[in-house]
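For reference, the chains in residue letters:
2 protein chains.
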Amino acid sequence: MATIKPFLLVLLFSIFSRISSSKTHHPLDPLTREELSLVQLIVKKSYPPRSSPVFHYVALDEPEKHDVLSWLAKPEPEPLPRRAQAILRVHKQTHELVVDLKARKVVSKHVHRGPGFPSLTLEEQTAANDLPLTYGPFLRSAAKRGIDVSQVVCSVFTVGWFAEEKQFIGKRVVKIQCFSKKDTVSVYLLPVEGLTIVVDLDEMRIVEYKDREVAPMPRAEGTEYRLSKLPLPHGPRINDTYHRTFFHACRWMNWEFHVSFDARPGLVISMARIYDPDQKAFRSVMYRGHISELFVPYQDPTEDYYYKTFFDSGEFGFGVSAVSLVPNGDCPSHAVYMDAFYAGPDGTPVHVPNVFCIFERHAGEVMWRHTELAIPHVTIAESRPEVSLVVRMIVTVGNYDHVIDWEFKPSGSIKTQVGLTGILEVKAANYTHADQAAASEEAHGTYLAEHTIGLYHDHFLTYYLDIDVDGATNSFVKKNLVPRRNTNTGHHRTPRKSYWTVVTETARTESEAKIRLGVGPTELVIENPNKKTKPGNPHGYRLIPGPVIHPLLAPDDGPQIRGSFTNYNIWVTPYNKTERYAGGKYVDQSQGEDGLAVWTRRNRKIENEDIVMWHVIGFHHVPCQEDFPMMPTLSGGFELRPTNFFERSAVLKAVPPPPMKADGCGVVEP
Amino acid sequence: MATIKPFLLVLLFSIFSRISSSKTHHPLDPLTREELSLVQLIVKKSYPPRSSPVFHYVALDEPEKHDVLSWLAKPEPEPLPRRAQAILRVHKQTHELVVDLKARKVVSKHVHRGPGFPSLTLEEQTAANDLPLTYGPFLRSAAKRGIDVSQVVCSVFTVGWFAEEKQFIGKRVVKIQCFSKKDTVSVYLLPVEGLTIVVDLDEMRIVEYKDREVAPMPRAEGTEYRLSKLPLPHGPRINDTYHRTFFHACRWMNWEFHVSFDARPGLVISMARIYDPDQKAFRSVMYRGHISELFVPYQDPTEDYYYKTFFDSGEFGFGVSAVSLVPNGDCPSHAVYMDAFYAGPDGTPVHVPNVFCIFERHAGEVMWRHTELAIPHVTIAESRPEVSLVVRMIVTVGNYDHVIDWEFKPSGSIKTQVGLTGILEVKAANYTHADQAAASEEAHGTYLAEHTIGLYHDHFLTYYLDIDVDGATNSFVKKNLVPRRNTNTGHHRTPRKSYWTVVTETARTESEAKIRLGVGPTELVIENPNKKTKPGNPHGYRLIPGPVIHPLLAPDDGPQIRGSFTNYNIWVTPYNKTERYAGGKYVDQSQGEDGLAVWTRRNRKIENEDIVMWHVIGFHHVPCQEDFPMMPTLSGGFELRPTNFFERSAVLKAVPPPPMKADGCGVVEP
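One line per chain: the protein sequences are Y and X, in this order. Read in order, the letters of the first sequence are residues 59 to 728 in the numbering used here. Read in order, the letters of the second sequence are residues 59 to 728 in the numbering used here.
There are no misleading hints in this set.
Copies of one chain are not kept apart here, so a pair can be met inside one copy or by any two copies together.
Derived lysine to any residue pairs resembling SDA-like cross-links, with alpha carbons at most 20 Å apart:
#1 Lys338 x Glu705
#2 Lys287 x Pro715
#3 Lys473 x Pro605
#4 Lys711 x Leu290
Worth flagging that the hints you see were computed from the coordinates, not collected in a lab. Note that the coordinates shown come from a computational prediction; the quantities given were computed from them, not determined experimentally.
Based on the provided sequences and hints, a complete structural model is requested.
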């Protein structure tokens, strides 16, 4: 073995608080622990003592956009009035409340009618999961299978919506699937098959139970993933502290933005603005960005799996499902962390430590460079290393983990990335060889290990992007690349036969902005038609799309009716504070009555208006053995890139890092 | 301003030499400086004293694949016989020679007939560039425009092929475009318009000259990019040694591969193999990978620009155009560098220091992770940070710089990335506002600055990927995702109406492997049908494609006939040592008579054969003001991902880095 040569790299990291005193709220700061407790107190007081409202969602009721922008333009010692919104279940009804925190009172109360339920609380999921373990018929089913009930864990799965299942309509039901934890912690890989268990969450009891068939049990062997339990030899070894910030307003290099937490979407980026040295001012880019929904339909139509068509954000809550990040594993050693609070089912604040991390990325990329050899007696080799700031959240709903990144580049680009990792959803099957599974029409997945099928499925992520290029009033412009025949007249008298040109088309209404990507080459730009560069180009930000996916489910299938926001990869809507979630507000057992596809039927005007872009990206997933027992991260994302937003490159004058000595280490002060 | 908190990050980096003694050649090592000198001597001796052959290309004549593989399976002190191939111009003819280095003689000599010329030498480009500066008519043109000839630099542009231009057929001609360097080093941004200058390279004289019209000159203002010359204030500041390796065989974590230099493609990755702890052996993944061609057609059909349809690799040589990397700018501070040699026009070795860099990437990504909350009394949060090894080359042909990366991941993935940066190709125009350019059919680009149009163009990159999954004999398999209607019979009696499944199709011949991406969802896998996992899945590597691009030029247009390898995004051919360059061997003024589109017409058998995959990725480029005067890098690439190649995740047992103390620094020994 050759010698090892270690070097030290200095990483400089800084987060600035824009609003210096933590006593004054940024208008978009999430509710604090104290504010959540106050909401709990006010809400509980508004109900009779024994009505026990269950808190499903509590969040800042954001001030109107124009109020936020005016306050921030001239921040005052007095913060904007703080209000909270709360969604509760009370006596089998869904209540929507708005609470004024200063006046300490409920200012509005509304009962939600129609289909769709709020996202599940973790506590009711835990209670439902425990029900089978003391339920006589389940104990008999376990005995029949030779399974020790003390070695069983169960997990809640939302039931989706199928018009034919009339018995579920109006009831908050879930299905329960149980797994063996005997000799494994990868419980998702050892499902107990052949059972149907339906629980009514409002009554918290099993309302349907069927033991249909006994299937073979996959083996626990090879499913361990904790390093401490894995047999030696280990390896390869990965070469590579821990600080915390409480400020939600960040300023980094030429960027400033606000990072907030919301129990529904989790990570929310607001008020992203970039400094323009020509204008000597910060200019607005994005008022708000978050993941609006994650639709994961499995592709097995049989009894045990047909209903598995999850909407992870709307049904489980991306914020509630965000995990505490593992320092040095989930984020590099120089990351800083942020905590969050959300309302538990009785309204008590729940603390999630390290829910976000923020770090500078030095990935060894090149920001820009050029070597010039054409000029005699002059040698030029100018190069600037890339650096960016990443804000990260990781969401784990059951078996899967999604790594959600927002990345800010000094050039003006905002890049997103989603990384898929965690454990596959598998089913047990009688096969002993891949050829049997391939020959069957019943496999619906890849044969991965003994008796184990990794199920086919999709991940559709829908991003909400309230881009405000230099102010709210923007247009959505398609720059179509169109092939042309050279007419060979006038100046064109050349032997060239063809070329392409750009034909610009501004979308006037929502219909004109529905785009299925992959049809033709088009640049998609959010432009401010009222602000132009000196040469006369409208200020814009361009979308370089993420991994393209189109739905393969039939349009009349329940899951696809609910997931109809995946029918297009791009949608543009006029800004409306109530339209934030592509699958609608109440997603559990929704029937497609709310959401993007419904709103846009009104075909509203979107030209020179305050507009929001929605972008659907995703992955079809055909599992393979490498995904077992733990999937190496698969990533994809999109870029929002300034396009005639600046007069010239924003990083032309970027200062390269100071030279360093070999084997040395040092500290750089700006 | 808040305080700055600097941390130190330890980066461990190591390159191992697989063949310990540098005296024994790896069979794929590039020709050394001494070997190149020997080739020069032998070749010159084989010609009469005054015939002055010009060396256009000298490279290792690689041994046959099976000889390489058998030697490496059992390396002997005696290396494989070293032979060189050389392409020369002698008396206006193209000669192809093979030289035996041990026997010190030319073992074959062949004269190339038909269209197509070898790539240009840098020296003849320089000589041609100087011709206008002493050419009477050009001096008069300059005077007419008020341009000081001492402030002019000229640059060679290949002429492409258009059947109508019969006067060029059989002649090694180029066009010359001149630029002003007055008050700028971004010469490409100040073209002298309206001139046609044609140079015969073999005669080294101007054979055609036209002064057609006088156009306005773009301004030098705002085109400076050297930090030392840019006015204060500078910023933002970028936070961030220099070692060299002479071993071409690298071993890193669970990977080993060979890095070589070739004057035509530049960076060549060979013999990529990954260690399998189950098989306790290195297993083959890729025999050879390189960029086969880069096609950049500009989209202006008018006199000055119609012919600009460059094939940067075939016409200029990616290796010859590879630049010396800038430490700390082009590569991070912990990178190691590698030098290269190529044959100059008289055969003398030319030294390129720092032509490649190799570095570990710690980008803050997550290799895999999972938080488990479903098991009572057990808390699990396992996470492994991603680390990878990057091999980089940067190629600068005139104005554009392409950053070429090959990245190796411990999970078994090989990722590629190409980054586009450098200076736009612009033309001068009479416009003073973007609206005028938009209204004109003659602009063919974006109005970027006074009198300056950034021309529309494309970048098509074609990768040569000789994947050998567990040996050479492989098949190309399309796993089509096909929507199905739920028939509601048997086990399917559920309310689910639809799902998708996988229909597998093995390509039998070259025609069946030509794929235009974007039509339907398909997983593309190179499989070894003779090697299966324990569950019975054929060993495979899957392609996750790069940015999809389709040609927009007409199929009967000269440039597209030459660039017909872009008609599909995927091609698969049987391995043939002579088929390495998608655009053919002799690309300058080629007529489409050689290359992928021609070879595959034979529709050869590719099932269970030694096969090569070709992947075309690319970017349509509509310039914007941010690309001026220096374009921030725009990146894209593809991933080759193991798919049932391993029995399970290859990184399950990866060891996380040791914990570090805050504000500390340290050195880690494995």
